[in-house]
Structure formats: C-alpha cells, structure tokens
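Trainee: Each chain is listed here by its residues.
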Amino acid sequence: MHVPDGYLSPETCAVGLAIAIPAIAVASRQVMRQVKGRAVPKLAMLSAFSFLIMMFNLPIPDGTTAHAVGSALIAIVMGPAAAVIATAVALLFQALIFGDGGVLAYGVNVVNMAIIMPLVATVVNRWIAGRSEPGSVRRVAAAAVAGYTSILAASVAVGVELGIQPALFHTADGTALYNPYGLAATLPAMLFAHLLIAGPAEAIITSAGYSFLARTGQLDEAAPASHKLRSNPGLVSLGVLAVLALLTPLGLIAQGTAFGEWGPEELVDQLGAIPAGLAQWSSVWTHSILPDYGFTSGEAPLAAYWISALIGSLIVAGFTYGALWLANRRQSVGASA
Amino acid sequence: MTAALPDWLATPATPATSSPRRPHRFLRRTINQLERLLATLSEPPTRFTEVDPRVKLVTALAVLVVLALMQDPLLLTVAGLLACTGTVAAGAGRALVGIAGPIVAMTAIVLLPATTSIVRPGTIVLPLGDWAGQPVGLTSVGITGAWLVLTRLIASLAVVVLLTRTTSWLRLTAALRAIGAPAAFVLIATMAHRYLWVLGRGVVDLLLARRARSIGGATGREDRAFVGGSVGALYVRSNELADQVHQAMVARGFTGRLADPTPRRIRWVDLAIGGAIIVAALGLLWGDIGVR
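Just so you know, the protein sequences line up as chains A and B, in that order. Numbering of the first sequence is given in numbering that gives the first Met the number 0, commencing with residue 0 and proceeding in unit increments. Numbering of the second sequence is given in numbering that gives the first Met the number 0, commencing with residue 0 and proceeding in unit increments.
For the record, the hints were derived by calculation from the structure and aren't laboratory data. On a predicted model such as this, the values are computed, not experimentally measured, just so you know. Any given hint might turn out to be false.
Said to hold, decoys possible - On the chain B side, residues computed to face chain A include the following (Cβ under 8 angstroms): (1) LEU36; (2) ILE102; (3) VAL202; (4) TYR234; (5) SER237; (6) LEU240.
Positions of the beta carbon are idealized from the N, C-alpha and C atoms, including for glycine.
Excised from the complex, chain B in its bound form (with noise of 0.2 angstroms):
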C-alpha cells in the first residue's frame, strides 16, 4: 500500500485562475481599529487622579503655548525630554509611545526632504552631491526647522497624554466646562464619549458579520457598498439610539436645562503643582527669548 496522491488529486485538472474577489483587508483593519479604540476607551486613568483637572487642565494648555511659542532648539528639546519624562512618570509612557509613534515617524518622513538645500537653501552641512549642477545636501536651517517641528510636535503629545491618562472623560469635561467652554457643548461632548462605546461596539458586531458571513471576499464595489450601507446603518441606529435616551432623560425629569455638578474646591497643593509647572516653562521660555 502506498501512501502517494493519485494523479487526479496531485496535479489538478485545470489550472486555478486569479479571481476579482479579494480578501477584505479593509474589514480586519478597521476591526483592529475599533478594538484598539474600544480598549482606550474603557482605560481607566493611571496616577496623579488626585490633582484638580481644572489646575492639570490649565497648566497643560499654559505648557503647550509655552512649547509653540519656544524657537531654541536646545531648549525645545530640554523641554521635550521634562514633558516625555512626566509621562513616564505618570505611567503613561506605553500610551505615548502608541499615540506619538506613528505620528512622529510620519512627521519625520514628511520632513525630511525640507533638510534639504533643495526645499531649505542655506549652508550646505553635510553634502550630498550635485543635481542639476548644483550642490545638493542638509542644511543648517533646513536641520534646524525639521528639529523645532519634531520636537515641539513630540513635547505637545507628551503634554496631552499626560493630561488625558491622568484625567477621566467626565472630569476632564467638567474642567473644561470651568474654564468657559460652553455648557451645551461639553455636555455633548460627555455624553458622546458615554455613547461612542456603545455604538463602536454595535459597529464591530457588524463588520464581524459580514466577515463571517464572506469568506470567499469580496469585489471592490461589493465592499464600497457594504461600507456605505454600515454608514447609512449607524446613522439609523444612533437616531434610535437618541430617541431611547431622551426618552430616559424626559422620564428622568430633564426639562432641557443645563445644570452644572457643584464644582469641588482646588487644594493649595494643587494650585502649587500646577504653579510650579508653569513657572518652569516660562523659565524655559525665558532663557529662550534670551538666547535669540
């Protein structure tokens, strides 16, 4: 007894031909997507709960103006490395490196060729050859901008992470609410962020359907398709999903008045961090208009 394939099962009759239906890469990603969106969302926040949100919120927005209106790249980058280093601290350095990653690693694609004499003309650093009977290569100024953009760009989402891995949804509304921002919107806003998993979740119930239910993929018209009725779906389900919630809100008693929660009292050593924080990015800024 032998153990070989017959021939009709080892070479196939006729030869398979490339087929239009592909596999629905779009599905699984923007399944990824909206796992890894639904997981941020029930992340509950790291250390430093305790500090005021309104004290953490204005100090973060202080600190961002501080780092937009810095030009020194010495100082941008001191600056940088203090921001990523709280982050850290705060246990929040795997949140930033997934947020800031991808976006710095685009960002330093998009501005490598302004080093360049080409886009940056200036004193040409580190040659690279010629083009078109020039000298072409890096130049200070082009090296420097780059530089100013990168690190600005890293030390803002250090602050921003910090900030909102510190800080949950509800508070950081409130705290924003406290500042001015109007109450219509931030109520909005709290209410969005509350609904949002729950529609995510409906949405990814649906694209897991379609996925079981098309193994052998789909064309791309199949699938634009698909795409816009899911679009047309959401929107159907969110209306439904509104109409259940004011329901439950009339029922609540809710008359379509605007209440703000009673806000808590800031502690001094909440205003000291906060201070102390500010304090430091205005010395920055200062030894930085100093050095200019």
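Chain A on its own, in the form it takes in the complex (with noise of 0.2 angstroms):
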C-alpha cells in the first residue's frame, strides 16, 4: 500500500501533494475546533497510536500475517478529520525513519491512506450503523465492512495510480520511465491483495478494536461520527476533489471524442455538413482560457490536461463548499430561532 518513490513520475506526486496539503490543513482546523486545548496531545497520542497500528502482525485465516492501516477505526471513533492528521503524521514517520513509502510520494500515500480511506469509512460506517445502539452487533458489523471496504477504496486508487504511469511517461522506443505495469496489471494485482488478505486484517482489526471501546465503555459518543461528517463540508469536498484529480488523467488514454460532444468539424467528418444552428452558436464564444484542455500553443498536452483538470475540479468543490457552508449556517440559523 505504502508507494516508495520511483514509482510515480514527479508530475503525479505533485497532484498528490496539492490534494493531501489542503486536506490536513482543513482537518487540523477542524480538529482543533473539536477537542480546544487538548487537540495537540491527543492527535501527537493518535498519531503515536496510528503507527503502531500498522505495526501489529495480525492471524488471518488463511494461516498468514497481515497487517492494517487503523485509519478506519480512528475515523469511526474519533472522526475522519482526526484520522487525517493521525495517519498523515504516521505516514511521515514511515517515510523519514523506516523508508516505508516515499518521501515525494508522500503526498500520494496520504491521500490513498490518510484522505480516501477515512471518508470512505465514515461513509460506510454511517450508512450500516444507522441509528442503532453504539456496541450492537449491526455497529461491530458495520466497523468491519467500513474497515474492509475503506481498504478496498484505498487498494483502488493505488492501483490506479500506479497503472496510468507507464501510458503517460515513456519514452520514444516504449521504455516505461516509472512503474512498468499498466491499468490491466495494477487493479487486479492490488484488488487481490486486499480483498483476501489486507481487507480480512482492517475489519479485524477494526471491528474488534471497536468491540473492545464499546463493551469497556471507552466510545465518545457525545460526538458521533455522523455529526463530524456533517459540520465539515471543507473535508468532504476535499474527498470528491481527491478521487477526481486522480482520475482525470484516465481521460488521457481515452480514444475519439464523447458521444453528444462533437464539434463542427467532426460532424462534417460524420454527417458531410453542420447543422445551421450548431453552426451559428458554436461560433460565439471562442476564447476559451484552455480550449480542449490545452494551451493554445499545443505544447505540453499532459500538464494543460492537469491544470484543467485541477482548476475544474476546485471550481466544483469551492461551489460544493460553499453550498454545505450555506445549508449548514441556515440550519444553525433556523435551530437558533
């Protein structure tokens, strides 16, 4: 799961940095907001916690060992923003002391580990647990399948990740300059992994850690997860802006143009002629900043790709916020009267 540096070419470690800096800052404000004084102590504890998580061998079934990520547990129990900034602190110390992911790639294995997989978990957990009692069967179950599909989600994007590098960086005569393996090698590759091994040890570990908080009485409930969630549009708009950046440069290997988005010249192309309306309103506007998500130039077709990408995708999550923001003030609004 930890990516190492070599296997990522900069421009992609650099889309992971733009997305995980955002992300801790946002969850460090949230969490301060959340626990005041306390909240440099008990993240500098879950951090401490968190890494050593990661060290603990688990039995599973098939015989073997695994180990898991904690990040599930830490989200159910104390919030996804606090399990950002955990994980995100343990993932350095990873990095700069045991060499386990890399150091240019950190911004990368925090979003796969500190970012997507809490969401994804808090999501999970909040959809199965409804509004049962905290310790029941269906919130242990529910911490399982957060904690083995968060891992899932995570495996994904790492799969994803690694298998775009060899169809955008290679050189002339083929050569991949960074992770060799395309889409069709990494997905399978990391699914298997994870849905027999890694995703058995995160719902055990998950569950049975939660068990263990919930018989002895250890839950903050006062706070539920589902709250958390809520009151912080800022983080999950950060999630969706996560998963869309790293998906863009899929559109890169896509072939021909999207059915419905021809333009004038490929409906020649289609229909030997262009429709009289098409013809008179695709001529208004032509001054596009970065028409087909390109300089105008035409050079350096994969960065104008990513910056397209990026501002599009900020420009949905700055209009996402600032929605949640909206709802979220009326709310208090409406409650306050």
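Join these two chains into a complex; the hints should help.
Mentor: Pasting the structure below:
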C-alpha cells in the first residue's frame, strides 16, 4: 500500500501533494475546534497510536499474517478529520525513519491512506450503522465492513495511480519511466491482495477494536461520527476533489470524442454538413483559456490536461463547499430561532 | 541395573493428536518489529550533525526531484552510486542496508515479469523460449524500465537515510517548519515521535505478558480477539496519556498558542555544501537531458 519513490512520476507526486496539503490544513482546523485545548497532545497520541497499529501483525484465516492501517478505526471512533491528521503523521514517520513509502510520494500516500480511507470508512459506517445502539452487533458489523471497503477503495486508488504511469510516462521507444505495469495488471494485483489478505485484516482490527472500546465504555458518543462528517463540508469536498484529480489522467488514455460532444469538424466528417443552428452558436465564444483542455500553443498537453482538471475540480469543490456552508448556516440559524 | 527406558515410558499408550492450537508466531514477529522500532528511535544521529538541518532538508528534496526527473539508466546509476557513497561516508551504511535491503529485494521480484516480452513487448535481447507460439524473452525496454525504477528507488532511499540518520527528529521537524509546514502539524509530529517510544514500550510489555501467559499456543480466533483487544487497550492508553500530557502542558503555562523556536543563523559553509550538492545534481540532470 505504501508507494515508494521511483514508482510514480514527479507530476503524479505533485498532484498528490496538491491534494494532501490543503486536506491536512482543513482537518487540523476541524480537529482543533473539536477537541479545543487538548488537540495537540490528543493528536500526537493518535498519531503514535496509528503508527503502532500498523506494526501489529494479525493472524488471518489463511495461516499467514497481515497488518492493518488503522485509519478506519480512528475515523469511526474519533471522526475523519482526526484520522486524516493521525495517519498523515504516522506516514511521515514511516517515510522518513523507516523508508516505508517515499518522501516525494508522501502526498499520494496521504491521499490513499489518510484521506480516502477515513472518508470511505466514515460514510460506509454511517450508512450501515444507522441509528443502532453503540456496541450493538450491527455497529460492530458496520465497523468491519467500513474497514474492509475503505482499504479496498485505497487499494483501487493505488492501482490507478500506478497503472496510469506507463501510458503517460514513457520514452519514444516505449520504455516505461516509472512503474512499468498498466491498469490491466495493477488493478487486479492490488484488488486480489486486498480482497483476500489486507481487507480481512483491516476488518478484524476495526471491528475488534471498536467492539473492545464499546464493551469497556470508552466511546465518545457525545460527538457521533455522522455529525462530524456533516459539519465538515471542506473535508468532504476535498475527498471528492482527491478522487476526481486522481482519475482525470484516465481521460488521456481514452480515444475519440464522447458521444454528443462532437465539434463542427467532426460533424462534417460524420454527416457531411454542419447543422445551421450549431454553425451559428458554436462560434459565439471562441476565447477559452484552455481550449480542448490544452494550451493554445498545443505544447505540453499532459501538463495542460492536468491544470484543466485541477482548475475544474477546484471550481466544483468551491461550489460544493459554498453550498454546504450555506446549508449548515441556515440550519444553525433555524435552530437558534 | 539397566539404563533402558521402561516400556510404558518409551512407547506412548495413545498416539499424540495434532492440536488446533498453534504457537504465537505473530506475537514473536510483532515483538521483534517493535523492538527494532524502539532501537531505531533511540539511535543518535551519526556524522554531519553540525550541518544546518534546513539546508540538508532542502538539498535532499531537490536531489529527490532531480532523481525523479532523470531518465538515463547510466547517469541514474552514477547518481545512485554517489548517493550510496555519501550515506556510507556518513556512517549510515548499515542503516541503508537494513532499510533498503527488503524494499529493493521486493521491488526486484515485482519488476521481474516487467522485463519480459509478455509485459513489455520489444526487441528480445535474451530469448527464454516460446509461449503460445510466440517467442518469449527479456526485452531491452523491459530491462531498461526495471533498471530505472530500481536505481531510482535505491538512490532515493539512500538520500532519505542520509538525511534522517544525520539529523535528529527534533531538528528535522524544526527544519520542516522553517520551509513552511503548518505549525500544528509539525508540533504534533514532534510530540508523537516523543511519545511513540512510551506507547511502543507499553505495547511490547503487553505482548510479552501475553506470550508469557500462553505457553500452549492459541487458536486463530483467540489470537485475533487478543489483537483487537490490544488495539483497543492501546487506544485507551493513548487517550489517558494525552490527558496527562495536556494537564502537564497547562500546568507549565501552555495556552494553546504555538510559538516557533528562534531559528539559528545558517552558516556560509552549510550553504556552500548544500549548493554544491544541488549543482552536482543539476549537472547530472543537464547531462541526462542532453543524452535523450
């Protein structure tokens, strides 16, 4: 799961950092508000806890051992924002002290294990647990499924990040500059390992850890995870942005034009003529900053595509954030009235 | 008087049956890993500690970016050799072997199929036989691609080991703060590193106690329940420790405001060392671009 340096291009690493840094900043602010003065020691301990969870070798049913990430358990018990910080700090230790995961690839590893995992775990846990009693069988099962699905989601993200490398970064003679395996190899490989080994390990750690905390009365039910997620639109928007940004390079691999998005030239090729209405309206605005997701000069198509994707994603995320902020504000005004 | 064993002792009356209980292999493995972790955390920095950590951090990041941008296998090999030589000269050769050894071995195994014509079709330089009527062998593009990943990985690990084994964590996090990392994140990372040892020691004690209490082994189900309980207990312990640390911080006057330590002035000699390394790395990159 930890991607080392050398497997990913600097461009991919830059995109990872561009997502990870604001996510960590938003999560820090959110947690500081949640736990107030206790935030610093609390998060420091959670980070150490997250790191140590990854050291636990767990015996799994096939006779071998595996280790879990622990991000899902922290997200369920403490909320996704705390899980983002704790896992990000644990990943920093691993990259710098133990060489487990790259330094340049730190942003990508944070996206996979510290952003995607807690968000998926929180959503799945909330969906399955519903309004059931804390510590009930349904809650424990929800924790297990959340742990399992969250690590699967992270493994798919890793598979995509690694799998797009040979298609995007290669020399003229076809030599892969970074990871040499395409999506057809990386996705099944990651899914196979995580469906059968790492997934069960994460499910066991998450459900058994949650069950223990519920049994011993250690759960902080005053601030349920569902409330934490709803009150943090910034983090949700960043999660959506992370997934969008990670998947955008797939568009470079696709051939041809999407159905119904043909330009006048393509319509001439297909129909032999341009419909009169289309001819009139298609020339109204021709001053796009990034026409066809590229620079007007046509240079650096890859960089232009990524910049277009990032700008588009940021605009969408901005609107999402604004809409959720407005909705929360109205709710709080209504409640106080 | 004879020394032969009596029949009832030499031959068991009932054959031994295999038990579903198995020894705690995972306990031994986890304890070993944690002991190694605690030993690593306690290691003092080796040489070159007097060089400013900010210069070291910026230089390391610049070199890592250059390594990621390089595409020529020969020049990348030269860069890797230089990085490894620097690490050995800094007295961190053993640490490099310990950290990079398993990662490089695993990477080599993973990359092996990518050197063949099945994964990376191209000119076959070493035929291995036929498969489904097609010649199969190692291709030049496959070997070059795998070599690029492997050398870049070794060089990057050497740079990271060189940085972290010559700089204490406290100075490294201060350098992170100096280059713009958020204050809260850096403070959390600093404190987490300090208390990692305390929590890690507690976990080792927990596991050793379990191992001492269960000589006969346990079933897989019991083992999994124990690991889940240990994780929960660890969470409770970290919460309690966090409360104690917070009370101690408040008692010492902590108001929630984070203050940066006054940075030390960077010496000219440190800047010269960092500059020379960056210029050398850029020279390699320039040569790399030239041969493309």
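Trainee: Take the hints in turn and mark each one as holding or not.
Mentor: Hint check results:
no., hint, in the structure
1, LEU36, "7 angstroms, holds"
2, ILE102, "6 angstroms, holds"
3, VAL202, "6 angstroms, holds"
4, TYR234, "6 angstroms, holds"
5, SER237, "4 angstroms, holds"
6, LEU240, "6 angstroms, holds"
In summary, the structure agrees with every hint in the numbered list given earlier.
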